[in-house]
Amino acid sequence: MQLETVKFTSSEVAKYPFLKETTAHVQKIGLDVEDFNSPELTKILNRAEERVKAAILDVSVGDRSSDDVKIPDDVEIPSFPVAIIIALATKNSFIKKRYALAEAKQAHSHFQLESKQRLLAIARNFGWNIELNGASQPPSEFILNFADYLRNITHLRDEKWKLINRFLVNGKVYLNHHDVARLLQEEVQRRLEKRLDAKELPPFPRKIMDIAEQLNSLAKEKLGEVEMESFPKVVSQSAFPPCIVALHEAATKGRHLSHVGRFTLTSFLLAVGMPPEKVTEVFKTFSDYNARLTRYQVEHIAGEKGSGTHYTPPSCSTLQTHGVCVNSDGLCRRIRHPLAYYKQKTISAQPTAGRV
Amino acid sequence: MSSRDFVYEKFREFYSSSSFKIPAPVGFSQREFAFLLFKERIMARHKGFASPPLLGSFIRQHVPSDVYYSCAYYETPEAEMDKKGWVGADLVFDIDADHIPTRCNKIHDSWVCSNKSCGFGGKGITPEACPICGGVKFDVKSWPCDVCIDTTRAEVRKLVDMLENDFGFAASEIHTFFSGHRGFHVQIENESIRDLDAMGRREIIDYVSGTGLAVFQKKTRQPKQKTGVKIFKLSDYGWHRRLKNGIRRFLLNATKDDLKEIGVKSRIDVILQNRERILQRCLEENRWDAVKGVGFETWIKIAEHIREVEAAKIDTVVTSDIHRLIRAENTLHGKTGLLKIKFPVSQLDEFDPFSEAVAFKEGTAKVLVSDAPEFRLAGQTFGPFQNKSVELPTAAAILLICKGRAEVVT
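Residue numbers (this note's numbering), protein chains in the order written: chain A, 66 to 421; chain B, 297 to 706.
It is worth saying that the hints were derived from the structure and are not from the lab.
All residues carry an ideal CB built from backbone N, CA and C; glycine is no exception.
Treat the hints with caution; some may be incorrect.
[What the hints assert, rightly or not] DEER-style ranges, computed between Cβ atoms:
#1 E305/B x T377/A: 24 to 34 Å
#2 E600/B x T377/A: 31 to 41 Å
#3 A200/A x K597/B: 54 to 64 Å
[As the list claims (entries may be wrong)] Cβ-to-Cβ under 10 Å is the rule here; a few derived chain B residues that face chain A:
#4 F334
#5 E336
#6 M339
#7 Q357
#8 P427
#9 G430
#10 M458
#11 M495
#12 R497
#13 V504
#14 L509
#15 N683
In isolation and in its complexed conformation, chain B is listed as follows (with noise of 0.2 Å):
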């Protein structure tokens, strides 16, 4: 049996089950619904269903890799893109370590170039093109890990306190899931902002983003006041009390070699003999000039890396796609084996995917490893494995499997 095969036929025994089910969106019927074809490789697209029974069905006749359904609601979401007649679409965000460097990238994602003639290779992030032969096609791989999850979730934390306390989204409408791979989405289903058109989810996401902020720029600085004090104001409100607090948390703890890195040359010492001082003249009495030597310049570099620090890293295309396709809840992922499964955002901080998305709880098989780090799974460790053959649960041999670090030995 080849390894596609041995997937498939897993995947299939999980949609047969009688406790697969997929939970359905509000508006079910408006959606479209998409289906990646583990046989053919394609993409079913434009198909719609009047009741989750009917896609079920449909799931388990064609066993897909991967579910989607569009995050907009159409009239008719079966007839071609142009013909659909939009009517609204969710609130989407993504965020996945593929775009957000973590410091385990150096250990275990790795590309080789895919000029034959070249096959050059590393660790970490793919370069843009191959140093040796300039090529630009690689083989990638990738694998989710403690560190990929962490990274992306504390950029989900960001994410969901700008939702709950700027946007004033209630807990029980910000809907949090993990991917089934290496992040997490976030989607709103609320009524008000469905019918926003792609510029103004576009506000939304340089909001998040930290994009486009306009205090501190050298425009909005304040002239000469008669005293020679400059007067500029952060408020306790949107992005002045991030950039406040910010501000405040980063001098409070800030090494030497942190002010080095942000781009502050000189009077380090000064800065950092007065911290509080400072912090009480500037954020409190608006005295941009509490110490000699420290101009507006090196305050516009500490507010520039507190806006960085704050912002939320998502992925800007998804939110701005108001036909977007997103991953079905409690369906595989075909990268992983994994579920895409909801958490209450209240336990985000204890959510564990390695536990959690495991859909495949039951028997073994028998795979060679090529190249695996050691990883965790189902409150298991496993690994590191180098051309190695082992018996591991189907859950662990899955994820090996379609990371393409393994083939199915029969």
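Looking at chain A on its own, in the form it has when it is part of the complex (with noise of 0.2 Å):
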């Protein structure tokens, strides 16, 4: 497909920085991380600053106008690779995926205000294969191929955006400005989280690891005491969802499950804290048992043989995937993991008292 070249300004650029033309503008620039004693570069320093410490406490990245000057697009566009590597030095994962977040949303709010015509040319700076629909139907603005549609959907809750419930014709997937624009700030964000969790690391600059410092404490108040909110001590049976019960139920009988089944069962299990001993036990009923390979899968499941993974149990979406999802209740609405349904469970169960 010839797709046209579309130029970005570089105020755009200032708006979008995540575009690929960002790396020419700061090329252009020449900036240089170990010399922010220049006064320019003091400033895009600051603006940096100032767009993780937004993150943090209110999820956006800050006021691009203060003292109602506006900051010029050479300090607004270098300042976004600069908070990235502000953010990787804080070596915070909270920090890190906040401010993933505050750039996809500031993004999106940009997005929604977009022309079609530059939304197309945003979306394709990031390789996506779309185009604008020309027939009158479906009745929709986008048309978008599936691949690059399911790669922006993993963390969009309502039904609406499963697959099933598109419109899908030949590849496409058939979407309106609104749906575009909320696919972009996935796409921003995912693409940012990726940066973000680049595992070797340059030493950083005296100053970059100041304002790390000082961002890391700030992170620690906005959390206040970080509430590790663990399950309680002893494996609760009532609290277990629909599909636990389902399948214990089944295991304690000696019925057949499935390799998801079992799976899903023994990790469930080891999550709430049930010895490997204690889960080992569970199926011993089956005709096929046999004690040493169970409890050798039952302790490769708990992360303690074979590879040191720490398996946890599929979502709720993996489960209906394979038929695992039964008897969902109320609560099963509200949740999207196993485990979040426990959880709800058996803190609604406890004392409120203890808790601070």
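Using the hints, put the two chains back together into the complex; each one sits in its own frame.
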């Protein structure tokens, strides 16, 4: 497909600093993170700090105008890559997640106001296979390749996003302006999270480290005493979600369980704190029960054997796909993971006084 | 010579013949290969080959009962699982009679409780637990027959229709195979879907299997309009189109029993007498209250039935597994001695695995058959057999031995 090359103005790049063009702009300025003493670079650094700070405080990227003076593009644009460096330097997953979300939300508010043509240009900048809908039927403004669509609906919960509930014709999903803006927000967030997930980090200059440290204490304040809500010490069977009740009952009665079913039950029981020995016992009514093998498998899922990965149970949507989700109740509609169900039910059963 | 030695010897001859060739899948050197070894009965995994001839000599040397390769592409296919470096995977579908109830299950599939003191048995799909002793392990005897194949063929037809019309894959990108046993594989090597993760693939599974369809669910029910008419429009796209066409087909051909079977209880006669008018008013004018007393609940039942009918019954675990091992084309299936072979998707309706997938075309062997239904292979019909010693063409003898229904007589 022949794609026309679209030029983005520098004010657009300032608005959408994740576009490919940003690199060229930053190179033009010749940013050197080792030298933050020049007044120009101090401005950039301040704006970068502001971006991350605002993300922590209210999931925004701050205001571009300070004292009624609009920050010029050549400060605004490079402040984005510098903000990423700062977020990386915090090594704080809360800050990184929050910053990615803030940039994505900020972009989304602009996407909604863009013309069809500009939105198309931005989507194509991300490599999306997207076109304007030339026909009147089905009624929609955009048509997007289904693979690009699938990559960006992973975190969208509403059933309207499920592919099956979309008009899918000849590999294309039909979308309106709002849909595309929302999916682009996901794309921005996904890309940023990936950039912020860098494992090997270079040593950061002193100035950056200082800012990172301050932001870390700010995040701590914001979060307050992080409620690391763990599960109650005693496993409460009455708080099991319906799918687990069914699997547990099948297991204790020695009825056949699918592979997905066995894995779900095992990983769930381990996650809510049942010791591996006890979990192994659940399976002993099976006529093909092999104590040594079952113990090995249970310990493998617990992360004590094999790859060391600690497995968690699959999400509700995965269980639906594999036919493990049964008898869902009112609470099921409000959660999307069997552990969230358990957490909700055990928490509501606990006296609230003991919790801060 | 034991039966196993006999089969091994025949497999060895097949793989040594000059006509044997494995077509190389795309990205050959990035694939993991795995082999179920005859003698050791273990799976040799994590093998990688630089070129097809090297794979060929490995097979000739080791004579595996089954040959698999990964649907995934890896940086280092020979490394341990978490060090392989996953770079992508084909989109793979498995449709197998083992998972779909067929009307032939009762005829040729049987099970016997493995509990030695019990030994109870029966025909049809294996129960979850033995009705006598409650045991859950069984010796299962299944059989691949024309009805199994036609049942799975119908599912493949629905799947392919969705892949072509909804997902927009060209017929040339949709590779269809007989699995070598009781079903079909559908594989897509298209670059655009290669990097999709398990979550994205699950959306594809849900689409083809009709999971999570929101149309007609209570939630999407329209509030009564001013006129008291419920407005709901089924469009001509995606699953809407399938529902619309399905409802039309169903209602035009439905009998009283058909409606009863899907749970419609009242006013069946009225529905049947006014089928065409109902279809006109509902599907064209979107007036779902065309018949008094036939409410939304009835439409939900009908739509639910159509969803079941239109969905393709695939094995959901296979498609969502981005590391899945799949049988290699043109290799023998250890449970049948038949080949996994490719055929053009346009020939789905005519394709006959019981002649096309036959690998052993020469010679005969004498076998003692314990029990086998009548079956067809390479244009000949055999059986039924019950404790009978017979001389059969090699392919038929191997099928019976591999299915545990016969022993070789020396």
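Evaluation of the provided hints:
The hinted range of 24 to 34 Å is not satisfied by E305/B and T377/A, whose Cβ atoms lie roughly 48 Å apart. Between E600/B and T377/A the Cβ separation comes to about 32 Å, which falls inside the hinted range of 31 to 41 Å. Distance hint check: the CB atoms of A200/A and K597/B are about 35 Å apart, inconsistent with the given range 54 to 64 Å. The interface hint given for F334/B is broken, as the beta carbon of that residue sits about 24 Å from the closest beta carbon of chain A, more than 10 Å.
Below 10 Å, beta-carbon pairs count as interface contacts, and E336/B has none with chain A, the closest being about 19 Å; its hint is therefore violated. With a least beta-carbon distance of about 16 Å to chain A, the hint placing M339/B at the interface is violated under the 10 Å criterion. Residue-level restraint check for Q357/B is violated (minimum Cβ-Cβ distance to chain A is 30 Å; threshold 10 Å). Annotation: P427/B was flagged as interfacial toward chain A, and the flag is violated, the nearest CB pair being 12 Å apart, outside 10 Å.
At about 6 Å, the closest approach between the beta carbon of G430/B and any beta carbon in chain A falls short of 10 Å, and the interface hint on this residue holds. Look at M458/B: its Cβ gets to within about 9 Å of chain A, closer than 10 Å, so that hint holds up. Annotation: interface hint on M495/B holds; nearest CB of chain A at approximately 5 Å, less than 10 Å. For R497/B, the shortest C-beta to C-beta distance to chain A is roughly 8 Å, which falls under 10 Å, so the interface hint holds.
The beta carbon of V504/B comes within 9 Å of a beta carbon in chain A, closer than 10 Å, and the hint placing it at the interface holds. Given hint, L509/B at the interface with chain A, holds; its Cβ is 5 Å from that chain's nearest Cβ, closer than 10 Å. At about 29 Å, the closest approach between the beta carbon of N683/B and any beta carbon in chain A exceeds 10 Å, and the interface hint on this residue is violated.
Hint compliance for this structure: hints 1, 3, 4, 5, 6, 7, 8, 15 are not met, and every other hint is.
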